[in-house]
Amino acid sequence: MYSIIVVPPPTTEDDRDRTQIRLAPGERLAFGRSVDPGGLLIAHDGVSRRAGEITAHGTFWTLSNLCAHQTYVVENPEGAGEHIKVAPGRLEAPVPFEFSRIVLPAAGDLLPVEVWAPRHDFLRAEGGGDGETTAPAFSVDRTKRYFAVLAALCEPRLRGAPHAPLPTVEQVVERLRPTWPAASRTSVQWNIDYLAVKLRLKPGPESAEPGHRLNGKKESLVSLALRFDLVREDDLVVLTAPPGRAVR
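Under the numbering used here, think of the first position of the sequence shown as 234, with each following residue one higher.
Please keep in mind that the hints were generated in silico from the structure rather than gathered at the bench. For clarity, every value in this text was computed on a predicted model and none was experimentally measured. Check each hint, because a few of them may be wrong.
What the hints assert, rightly or not - Result set (DSS-like, lysine-lysine): computed pairs, CA atoms no more than 25 Å apart in a straight line:
1) 451 / 377
2) 377 / 450
3) 431 / 377
4) 431 / 450
5) 431 / 451
Please model the entire structure based on the sequences and the hints provided.
Set out below in structure tokens:
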């Protein structure tokens with residue numbers, strides 16, 4: 234059974250219909266400017282002859298950087314800037330992302346090699362055991378206005394632009410108008426402040442020291458929400474809820 238799918242960099246001859254290479258657990262794929270038959274040939278003068286190797290495992294894959302001087306970056310396009318770096322000479326670095334993009338620096342170009350690991354195994358939920366229920370790390374109600382505000386803040390990066398600037402408060406107000414006609418700058422800012430307390434980024438007013446201020450509040454909220462999947466792309470539906478089902 235194949236578990237890893239590799240999509241080579243685009244070329245001028247074959248840009249839209251790139252051939253996919255499928256690997257079963259235990260199989261390896263060498264890539265570079267000069268590889269043995271069965272490897273992934275990347276015909277670019279800036280790519281090492283033996284640039285690296287991908288190894289498939291059951292539910293993940295590893296990357297070996299065989300280049301002597303160049304660090305490789307593996308991006309998670311769905312993770313709002315999440316990435317790992319694989320140093321020169323590093324062998325069998327595990328990559329945890331379901332959808333990944335290896336970025337190969339090549340004489341001024343950045344060549345993307347996409348790797349998909351669609352098979353993910355999860356623990357089955359068992360019946361309730363004895364004792365008290367574990368408290369959730371973050372408690373959010375997706376029907377509340379504060380969640381719609383958080384979704385609007387996260388939207389640009391969830392839409393595939395991981396380094397997009399965050400929307401201003403005024404832009405959030407306009408984005409929420411279809412589902413929250415009474416939205417205003419004051420109400421949106423209040424919800425942002427509330428989220429900062431609720432998600433424990435700053436203490437509540439009863440314990441805050443005088444003059445205490447959280448800088449980069451929106452950036453901190455979005456970073457936390459995306460890192461722990463508090464807001465997913467599917468949740469953006471709260472921004473376009475039909476009349477009568479607007480967030481409360």
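| field | Satisfaction of hint between residue 450 and residue 377, Cα-Cα up to 25 Å | value | Given that 25 Å is the threshold and the Cα spacing comes to 20 Å, the pair holds.
| task | With a cut-off of 25 Å on the C-alpha distance, tell me whether residue 431 and residue 451 pass. | result | Holds, at about 14 Å.
| message | Given the hinted pair residue 451 and residue 377, is their Cα-Cα distance within 25 Å? | response | Roughly 18 Å between the alpha carbons, so the hint for residue 451 and residue 377 holds.
| message | Check whether the Cα positions of residue 431 and residue 450 lie no farther apart than 25 Å. | response | Roughly 13 Å separates the two Cα atoms, so the pair holds.
| said: Please verify whether residue 431 and residue 377 have alpha carbons no more than 25 Å apart. | reply: holds, 13 Å
Every hint, counting from the list given before, is met by this structure.
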